[in-house]
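**Q** As a plain string of letters, each chain reads:
2 protein chains.
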Amino acid sequence: MFLLSQATSSFARENSIYFAMNPDITRERENATFNVEKLTHILDGGIEKTKRRREIESLVISDPDFQSEDLNFLSRSERYDAAVKKSAQMILKLREHGISDPEEIYCYKSVFRGHHHEALGLHFVMFLPTLYTQCNKEQFKKWVPLAESLKALGTYAQTEMGHGTHLRGLETTATYDPATQEFVLNSPTITSIKWWPGGLGKTSNHAIVLAQLHTQGKCHGLHAFIVPLRSMNTHIPLPGVVVGDIGPKFGFDEVDNGYLKLENVRIPRDYMLMKYAKVEADGTYVKPPSAKLTYGTMVFIRSMIVREAGRALAKSCTIAIRYSSVRHQSEIRPGEPEPQIMDYQTQQYKLFPLLATAYAYTFVGQYMNQVYHRITGDINQGDFSELPELHALSAGLKAFTTWTASEGIEVCRMACGGHGYSRCSALPDIYVNFVPTCTYEGENTVMMLQTARFLIKSYRQASAGHQLSGIVSYLNESEGRLQPQSVSTRPTVVNINDLASLVETYKLRAAKLVELAAKSIQLELQKRVSQEDAWNNSAIDLVRASDAHCHYVVVKLFAAKLGEIGDTGIHSVLSTLALLYALQGIQQHSGDFLQTGLLSVPQLSQVSQRLKELLAQLRPNAVALVDAFDYCDEMLNSVLGRYDGNVYEHMFEWARRSPLNKTEVHESYHKYLKPLQAKL
Amino acid sequence: MFLLSQATSSFARENSIYFAMNPDITRERENATFNVEKLTHILDGGIEKTKRRREIESLVISDPDFQSEDLNFLSRSERYDAAVKKSAQMILKLREHGISDPEEIYCYKSVFRGHHHEALGLHFVMFLPTLYTQCNKEQFKKWVPLAESLKALGTYAQTEMGHGTHLRGLETTATYDPATQEFVLNSPTITSIKWWPGGLGKTSNHAIVLAQLHTQGKCHGLHAFIVPLRSMNTHIPLPGVVVGDIGPKFGFDEVDNGYLKLENVRIPRDYMLMKYAKVEADGTYVKPPSAKLTYGTMVFIRSMIVREAGRALAKSCTIAIRYSSVRHQSEIRPGEPEPQIMDYQTQQYKLFPLLATAYAYTFVGQYMNQVYHRITGDINQGDFSELPELHALSAGLKAFTTWTASEGIEVCRMACGGHGYSRCSALPDIYVNFVPTCTYEGENTVMMLQTARFLIKSYRQASAGHQLSGIVSYLNESEGRLQPQSVSTRPTVVNINDLASLVETYKLRAAKLVELAAKSIQLELQKRVSQEDAWNNSAIDLVRASDAHCHYVVVKLFAAKLGEIGDTGIHSVLSTLALLYALQGIQQHSGDFLQTGLLSVPQLSQVSQRLKELLAQLRPNAVALVDAFDYCDEMLNSVLGRYDGNVYEHMFEWARRSPLNKTEVHESYHKYLKPLQAKL
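Note that the protein sequences, when read in sequence, are chains A and B.
Okay, so the first sequence: first residue is 23 according to our numbering, each after it adds one.
Okay, so the second sequence: first residue is 23 according to our numbering, each after it adds one.
One chain only, chain A, in its complex shape:
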């Protein structure tokens, strides 16, 4: 994908290093103890899936229309322009290639986007699906063809300046006027201005607007309305619609996240999505049958975010670990050549636990996706029984995985030293594009507290003698086993080399921390504060309990995955990774394990020692383990993470294409520096 500049390619030829594979990275691959290709199949879910994925990826990679300048060299307006262009091309190409399966579309777009975004993202991810699920028959007939033919370019306008995660607080109003049979939409306060929706600023001509429905003098809460924003002919904003871009952000440069201020905008009655709730012509409100229906979508999106956490971390590890295998620096033994930086224990300690985490989250994402599809089947048959648990789990896991993955990306970036700070490493882009997941689709702390609410409720049920099932069934054991233990009572049951034993330890930690949080609430209540204040005054403990619960689930799922793997070499290396993941979590949270009496001080020293051994044990397989993620160079778009390991010559080449190098002398010299010199 790199367009060689004349100067650099000749430089590369002169030094005749251009086409050769870096010998360091070749040696790493030769030393691997397992079959990389087979592991890739496991990650993809089967050999056929790997094959099809690669076919689709090569469609994009080999397509001359998609060879373009690095987005980092463009201004924001140019980047937006490029995103719209590619989105338009992509829609036509997907039709040409006959790709229509959602997984395959996702795969196609993943390459195409690199770390960047499409202009019509929310049209496909939110606007169309909402039409599919919330239109009644007549509405479906009208709107779906308009949306599918992109005559109606849509987005989903929920978040306002004043309210995000707390949906009930949204202030936009839709007031029914029976005289004209219209809804009148308004942004009554400055905080009610819609803010953040992707594609709202410049791209969309329609939006599904979430607004408080008022009819017959009564407010019936949030409902969804189709609001035309711009003329379908001229794209000029319609009267009463104040719409625009919210300005530059940390990342997402090419996306026109927008604002929308509605000033007495009138829409026909049947622009309210009426599959469930209705407003009749006279203004009578008919309420929907169940409120739980929207849970499903949230669960699905959160499971996708967990999957993205795995992917973002996998990409970051690929870059940092490959670079660490070709970067030589300083010395371990005097007089010897500079070692690969991956030989430093501190570097291994930064990167290998993150590598293990990337694998863990990938497996958790797969699990959540399976459960979602199974439960969706149940829901369609009217069985909502598993939904609360899954909803609670998805909230916590979304928060747990996005927090750790975000931090992990930055650790990977800094593990690449100064060059990690260059946009050519791709790591800044991975970070700024991923880190908003900590905030959107439910702010992480709020998510953790949602999971905690479920845990405390379950704990109380168990305490009251109810038998819990599912993932929280461990709380059944509370009464018997969770007696306060002195740390000096050394448990001999934990075997730090046995993953099953560690899963059990994580489980008991979660149980104890849930109990601790419940007791904190109890203690507050004894001070005669209200339930609500007692909850808020225990929030630190509640988040800690949720965190421990999620950590347990991740370790458990990682261990469970090992049971599915037949290949000995792969089973062995993944077992090492899983053990590393579990033990590093124990070391990081050693206070919890000591405080709850689950581990003794000597055991903790053993954990530290064992961790060092595991790092050394993983060292020869590190590059192979990131290779197995199978991100091609075009998807990584990182000079440091190149498969061939030839980073320096390509960094030089990349730099020479920087816009500031278009002229030898920048105009600012003539404008400011020369006149300044004359004055001094």
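The hints are simulated quantities; they were obtained by calculation from the structure and are not laboratory data.
Being a predicted model, the structure only gives us computed values, none of them experimental.
Take every hint as true, because none was put in to throw you off.
Since the list can't tell identical chains apart, any single copy or any two copies may satisfy a pair.
In silico DSS-like pairs for lysine-lysine, Cα to Cα no more than 27 Å straight-line:
#: 1; residue 1: 684; residue 2: 107
#: 2; residue 1: 701; residue 2: 164
#: 3; residue 1: 541; residue 2: 634
#: 4; residue 1: 297; residue 2: 173
#: 5; residue 1: 300; residue 2: 159
#: 6; residue 1: 115; residue 2: 701
#: 7; residue 1: 696; residue 2: 115
#: 8; residue 1: 696; residue 2: 163
#: 9; residue 1: 173; residue 2: 115
#: 10; residue 1: 549; residue 2: 479
On the provided structure of chain A, position chain B as indicated by the hints.
**A** Using the frame of chain A, we list chain B on its own:
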């Protein structure tokens, strides 16, 4: 500083909220229990200093030449252009105003820059100072006037593509040719290309180049050379000089960090800086008297970085805490109005420990600066005795403070929810501008290991019976008090409400972790590995020991500062902050304190409980404590951090100025979307 667009200012007037102070934030200020102004004086170092700082700041703020568009709205080339323009203006203005004291220049530039950078930064910070200290008399006479008049615009070219922190590995060569009495400079490999120096790409016409000196067939290591890069008349690069911008980065958009490839560039013999080392006309090398001289500069720069860690965190806390006082969200008690988000315990737990850290680092920065100046006096009198300790301490503290501050800035940003992700919050800029401190001036892990080397050396000296003095004197106690203790032996000496007792506890933790690291090395040596491998195989423990040492120093210095404060109200609130800082550190590292037997499990529960009380206790003073940092709105440049708390109306106004809003319909609609619609 905000240029109001017509539409928004009328919107603001209509809602008549424009000029009023947000009542929430006013109430916060009324509830403070101490005198903010007096605390500002303490932070500045005296009432006179506060006065003078404000005078200087107002010179910039009131200067119409410095009212300009938000840099976030400009392309990179425009930003570079703006930076050069402002740098040029500033130089003239500083002369006009007669500001020449380095502290006052720093202050002037701090406002001017906001979070951004000057184009000639390295000219003043590295080029000129190096000329001052390393030129011999003749060189001084020639170069200093050229540099002071900016005829010679200089930078400092040390880092190469292949080597950063490990200076000995630098590959650029300067080979003396006695025939012409010139040095011939070369970049012999691709990794030897100079990479990263600020101002190197487009601005500078000279650089001080660090290169391996070869003469009479022998290499004498790194020396500094003045290398002309561009014509002083035309600014065109000179023959053999391949120079340019290294391309876009995570931040520092307006800086032209550069590359420099030298191809047989010849410079006269006396372009080598010869105050200490020399090469005579015939090529004879004369070595410098002492190698320790450069330590001083490193210590100074690292003390400045610690100070910047305090400032970056102080700014971030100012923004996040002010915003948390005006942002209302969700509910604690049903039916009541939405609370300020600062009322949530989780929000307090995110922000208040960081506020305490900002104060801690500010005091540590002040201390290091004082020590530096004291020791510089000693050095000038030939006394180097304290230098190794200060050098080691400055390395560790630089790493310790920059890591935690970087993480803290992101915590502040995310504590502002979605709006923290907008560039209008200023938090993304603070982060990307600060986070490179983790890498430059010595990569943090390497710095931690440098401090560890000093600690282990000191520990061994103490073990051998030498009496240590200074900050590591606590290692003297090793033999007596650091016997392994069972965790069940509950120490009763620690009083968690007494700061002095906590300082002692931190000290013992450091002592134990240094001992643990030393024992790990010992254990490795018993396996018959070499000293160097034993060191590398214990690196995790060594970093942990350094971290504990630095943490001890910070807690100790914070406690010591309290002793200087007479005002009761301020003493009280700072004591609460210091206690919060110390206890939160214990909670975060509870495993260490339990493992070393310094705290018992019940004590740890008390710590958790006490922490919650301290959060509640600080709540009424939070806004006042950030006000005391006294960053004016122009310096913060943050919509969320405004002193008046009127965030939403200004966010809307800021967004409307986004370049994407220059036209109602973006050209990409006509170029791509309309044609696409026609095809479907």
